[in-house]
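Q: Residues per chain are reported as follows:
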Amino acid sequence: MKNNHPTVLRAEGIDKFFFNPTKTQVLKKVSFEVERGEFVSVVGKSGCGKSTLLYILSTMDTDYQGKLHMDGELITGKSSNYLSHLRNEKIGFVFQFHYLLNEFSVLENIMIPGLKLGKLSREELEYRAMEKLRIFEMEEHALKKAYQLSGGQKQRVAIARALINDPLLIMGDEPTGNLDKKNSDIVFNKFKELAQEFKQTMLVVTHDQEFAEGTDRIIEMEDGRVIKS
Amino acid sequence: MLARFKQTAVAAVGVMFSITMFVTLLGFMNGLNTMLDGLVLNRTPHIRFYNEIKPNPNQPLDIDDEFENTWKIIRSIKPSTSRLAIYNAEKIIENLENDPRVLGVSPKISSQVFFNVGTIDLTGVVNGIDVEKEAQLFAFTDYVTSGNYEELNQTNTIILGKGLADRMLTGIGDVIQVTTAQGNKLQLKVVGFYQSGLGDYDNSNSFASITTVQKMLGEPPSYITDIQVKLHNLDLAPAMARELEQIFTIDADDIQTVNAQFETGTKIRTLISYVVGITLLVVSGFGIYNILNMMIYEKLDTIAILKAIGFNNTDVNRIFITIALSIGIIGGGLGLIFGYFSCLGIDRIPFETEALPTIKTYPIDYNPKYYFIGASFSIITTYLAGFFPARKASGVDPVDIIRGK
Numbered sequence: 001m002k003n004n005h006p007t008v009l010r011a012e013g014i015d016k017f018f019f020n021p022t023k024t025q026v027l028k029k030v031s032f033e034v035e036r037g038e039f040v041s042v043v044g045k046s047g048c049g050k051s052t053l054l055y056i057l058s059t060m061d062t063d064y065q066g067k068l069h070m071d072g073e074l075i076t077g078k079s080s081n082y083l084s085h086l087r088n089e090k091i092g093f094v095f096q097f098h099y100l101l102n103e104f105s106v107l108e109n110i111m112i113p114g115l116k117l118g119k120l121s122r123e124e125l126e127y128r129a130m131e132k133l134r135i136f137e138m139e140e141h142a143l144k145k146a147y148q149l150s151g152g153q154k155q156r157v158a159i160a161r162a163l164i165n166d167p168l169l170i171m172g173d174e175p176t177g178n179l180d181k182k183n184s185d186i187v188f189n190k191f192k193e194l195a196q197e198f199k200q201t202m203l204v205v206t207h208d209q210e211f212a213e214g215t216d217r218i219i220e221m222e223d224g225r226v227i228k229s
Numbered sequence: 001m002l003a004r005f006k007q008t009a010v011a012a013v014g015v016m017f018s019i020t021m022f023v024t025l026l027g028f029m030n031g032l033n034t035m036l037d038g039l040v041l042n043r044t045p046h047i048r049f050y051n052e053i054k055p056n057p058n059q060p061l062d063i064d065d066e067f068e069n070t071w072k073i074i075r076s077i078k079p080s081t082s083r084l085a086i087y088n089a090e091k092i093i094e095n096l097e098n099d100p101r102v103l104g105v106s107p108k109i110s111s112q113v114f115f116n117v118g119t120i121d122l123t124g125v126v127n128g129i130d131v132e133k134e135a136q137l138f139a140f141t142d143y144v145t146s147g148n149y150e151e152l153n154q155t156n157t158i159i160l161g162k163g164l165a166d167r168m169l170t171g172i173g174d175v176i177q178v179t180t181a182q183g184n185k186l187q188l189k190v191v192g193f194y195q196s197g198l199g200d201y202d203n204s205n206s207f208a209s210i211t212t213v214q215k216m217l218g219e220p221p222s223y224i225t226d227i228q229v230k231l232h233n234l235d236l237a238p239a240m241a242r243e244l245e246q247i248f249t250i251d252a253d254d255i256q257t258v259n260a261q262f263e264t265g266t267k268i269r270t271l272i273s274y275v276v277g278i279t280l281l282v283v284s285g286f287g288i289y290n291i292l293n294m295m296i297y298e299k300l301d302t303i304a305i306l307k308a309i310g311f312n313n314t315d316v317n318r319i320f321i322t323i324a325l326s327i328g329i330i331g332g333g334l335g336l337i338f339g340y341f342s343c344l345g346i347d348r349i350p351f352e353t354e355a356l357p358t359i360k361t362y363p364i365d366y367n368p369k370y371y372f373i374g375a376s377f378s379i380i381t382t383y384l385a386g387f388f389p390a391r392k393a394s395g396v397d398p399v400d401i402i403r404g405k
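Top to bottom, those sequences are chains W and F.
When we follow the working numbering, the leftmost residue of the first sequence carries the number 1, and every step to the right adds one.
When we follow the working numbering, the leftmost residue of the second sequence carries the number 1, and every step to the right adds one.
Note that these hints are calculated values from the structure, not bench results.
Among the hints, a few may not be true.
[As the list claims (entries may be wrong)] Just a few of them, taken from the derived set where beta-carbon distance is under 10 Å, the chain F residues facing chain W: (1) 93; (2) 112; (3) 219; (4) 222; (5) 306; (6) 309; (7) 311; (8) 313; (9) 314; (10) 315; (11) 402.
[What the hints assert, rightly or not] Derived Cβ-Cβ restraints for the label pairs, each shown as a range: (12) 193(W) to 293(F): 31 to 37 Å; (13) 326(F) to 82(W): 39 to 45 Å; (14) 400(F) to 15(W): 19 to 25 Å.
We put the CB at the ideal spot given by N, CA and C, even for glycine.
With the sequences and hints as input, model every part of the structure.
A: Written out as structure tokens, the structure reads:
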């Protein structure tokens, strides 16, 4: 894609403490790598620190010790504006909750990260957004407002939004956590499709065993440590 | 962010309302101020030269060497016998007219008289004026409510104060008899009525030409008791009065000293209207602050996701500042327009009083200054109202919000 460094993400000895109410260590010397094109899932019990790890990897949480490389570049200690730009360009997010903006149409929701990046014109972005929607068979809903969609549809739009800037990496935090079985399957199949057809690198935190088994690699965490990767 | 259109509109209406009120209030207040000031200030000379009747500051006792180092007490000092007339008035007038700071000079004689009505004598004042100059410098014509002021140029004519005329039961064209303090009697023809708006003044004052008054008093044509000066710049009056007092060795009063209480009144009225106007704006500023704050709580998710997908603090900050400023600009702009219209409206409301013959509707001041102040204040207050919520919004940590779900 933009840079052909084979390792998309490398974490080296990440330590993370929570200070409220008392000092507790949630991540202990976490180290692993994600290769280009890999579909990785992180599993573990509730409270083992997998979400915390994801937020650190996503660059949103900067309060940690250790080193984080993305695309061969050390990003620990960079300014928050630089990280914002990095997130915008290189990372796509899918959360448990869809976080679509109700005031805007589906198409506009997808375009927002692209508009922020500002590399493409509005017309090009619209075209690309439609393309992404087509992947999810959602093109007929493009002009609806976000709140008019069902839960599963919203989640698919959220994934399309994550894809708009052709990110280096897609991060998911329990993307199917809020969905029923049927929708959850649809979303999972979409993830698989992205991995197989588009060679999209993905890192997904989940506690859905079934979902994890469908991925290329499982990183298992327990009590703040990676026990199997 | 556009979804909160209703709230935003309410905030904008709030700003609009306060700006409207601000502009109307200031326009109206200053209109009234200008009118009231005009009542007195238009007719008041900026500097007035006259001979004051006062005791001689150099009493004979002071001159005597024998009492040089003693404590002197003199009782019952009487004013020295000096004339009321100004010495060498013609030369002084000529000098003043050549002064670049002076707009115009108008001589005047003021004389105490009795108006004889049957067996009754009414005391009053006849002001001998140079009709043309008085009209040009002191808006004399504005206050002549009936009759033709130009007829005053003929000798033996008089314009009576309205109150005085009413008491004497005279109409235009009647002839009245005047007795001066010296005992001279003269018949004068009434050619008009004068109404200043100050009742007391109109009850005792009347106007005649300088020559008429000189004739009445039996004085030569050089006899002048007052020289009235109008300046280009009113603020120079006190300094110039002091300066010219020395040069002409004559008493001089400047407008600021004479009308100090008027200045104060005007200043305080202006101050009050500004305070009220700014209070309105500040209140609406708090309204905006509140609405934006609520908006941030409602939109925490949105802010979080915007940050997650790559909007930085500055972007979020800008969004909220933009909202606040657009409220300010739209509300302020509409407010200025509505304020102007409401001024136009007030300008049409009839306002007629006996005391103010020249005023037919409520006075309004359309000075662009007030619109400018209104506009800048609407922008400043809305910016400040937006500044703190915006800072709060930009400080939102997306991890906290997203994790919380």
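Q: Quick check: which numbered hints come out false for this structure?
A: Hints 1, 2, 3, 4, 12 and 13 are the ones this structure does not satisfy, whereas the remaining hints hold.
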